[in-house]
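Visitor: Listed below are the residues making up each chain.
Protein chains: 2
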Amino acid sequence: MNLLKKKILEEGRVEGEGILKVDSFLNHQLDIELLNEIGKEFKKRFEGKKITKILTAEVSGIAIAAITAQYFNVPVVFAKKTESKNLDKETYEGEVYSYTKGKTYKIRVAKRYISSDDHLLIIDDFLANGQAILGLKQIVDEAQANLVGAGIVIEKGFQEGGKLAKEANIHVESLVIIKEMNCGKIAFEENN
Amino acid sequence: MNLLKKKILEEGRVEGEGILKVDSFLNHQLDIELLNEIGKEFKKRFEGKKITKILTAEVSGIAIAAITAQYFNVPVVFAKKTESKNLDKETYEGEVYSYTKGKTYKIRVAKRYISSDDHLLIIDDFLANGQAILGLKQIVDEAQANLVGAGIVIEKGFQEGGKLAKEANIHVESLVIIKEMNCGKIAFEENN
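Taken in sequence, the protein lines are chains S and E. Okay, so the first sequence: first residue is 900 according to my numbering, each after it adds one. Okay, so the second sequence: first residue is 900 according to my numbering, each after it adds one.
It is possible that some hints are incorrect.
Pairs involving identical chains hold if they fit within one copy or between any two copies, as the list cannot separate such chains.
[What the hints assert, rightly or not] Capping the alpha-carbon separation at 27 Å, the derived lysine-lysine pairs in DSSO-like fashion look like this: (1) K1002 with K980; (2) K980 with K1005; (3) K1002 with K988; (4) K1084 with K906; (5) K920 with K980; (6) K1084 with K1062; (7) K920 with K1002.
Since the hints were derived computationally from the structure, they do not count as laboratory data. Bear in mind the structure is a predicted one, so any value in this text is a computation, not a measurement.
Given only the sequences and the hints, what does the whole structure look like? Please build it.
Guide: Spelled out as structure tokens, the structure:
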């Protein structure tokens, strides 16, 4: 997706240790026009698939999922990270290991919002170490729902998430895959 | 906004102590069609006003703000609750007192995403005790930007947020105002 590559090259900031900051358009400030192009592209990538609901995790996936859902005409459900008094007691849970925090946290979806009849498309901003996507898959599996695939905006191809998702039989569509970010320079995989 | 009132009456669940759960359409599962109607209504309510950016706070405001922004053709910035390694060091801060947690937490926006030239519209899901809206106003004030107003989906008219926002000279447009929720029964203010 050339528009997205251009945006990443122009506005993304590489900050040591494989961190790519895209907060000018994707996860702090939101470029809504770009999110619409991203949504259209996900629709193309999953054309013809039966999808009844989009699943994401708070926080960064929410805006992308909401805009994308307009092209699929389906609702969104976002998994919650915190135990909130507003969340039902009956939940499906996934575990996510955070490398930066060095601990595992839980993500939860109220049972009433996913049923075994659902065909779910996961949407998220990044695929890096794969922990979020595997945690979301746990939720889908626990609900005995169908996982159609995962639409990812930016995959860090130099981390193991893509491999782990493949091993877990998740059909991943990443709009761009970053091959490497050496010396602050971003290189994309071209056959994507 | 009758569509919204209908949805609240059909799907909202009153759970003691003034808690209204609307997680089937507004803050866990998201009804994207309804969010689009909400976005259109905010556009009507703020017709003719100069707005350069929409400001909200994570988590529940994000989807509403993103969908609404499509009708204003402006970007969204959402204030972050957690200190993230991905957030700039230079931030504008607002303080939010949480009655449920009994403590004050900070919300932050990277300075680069709000300038004194900006005309900001706050969008949020609820106006209850008013703490979130006042925290967001602090951020706008610190940036010496212009606060056009605040679009709120559901105002709890029996709590003090509306009064506090008025005292702070914030032009609030609430799509529905709940007058009372006694014995599980929801009554709306009709002159809204």
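Visitor: Could you run down the list of hints and mark each one as holding or not?
Guide: Against the structure, the hints:
1. Taking the closest pair of Cα atoms, K1002 and K980 come within 27 Å of each other both inside a single copy (13 Å) and across two copies (20 Å).
2. In this homomeric assembly, K980 and K1005 come within 27 Å of each other (Cα to Cα) both inside a single copy, at 6 Å, and across copies, at 18 Å.
3. In this assembly of identical chains, K1002 and K988 lie within 27 Å of each other by CA distance both inside one copy and across copies; the values are 23 Å within and 24 Å between.
4. When the C-alpha separation of K1084 and K906 is checked against a cutoff of 27 Å, the pair qualifies only within one copy, where the shortest distance is 14 Å, while the shortest distance between copies is 50 Å.
5. In this homomeric assembly, K920 and K980 come within 27 Å of each other (Cα to Cα) both inside a single copy, at 22 Å, and across copies, at 18 Å.
6. In this assembly of identical chains, K1084 and K1062 lie within 27 Å of each other by CA distance solely inside one copy; the values are 23 Å within and 52 Å between copies.
7. Taking CA atoms no more than 27 Å apart as the test, K920 paired with K1002 passes inside one copy only; the shortest distance there is 23 Å, against 31 Å between copies.
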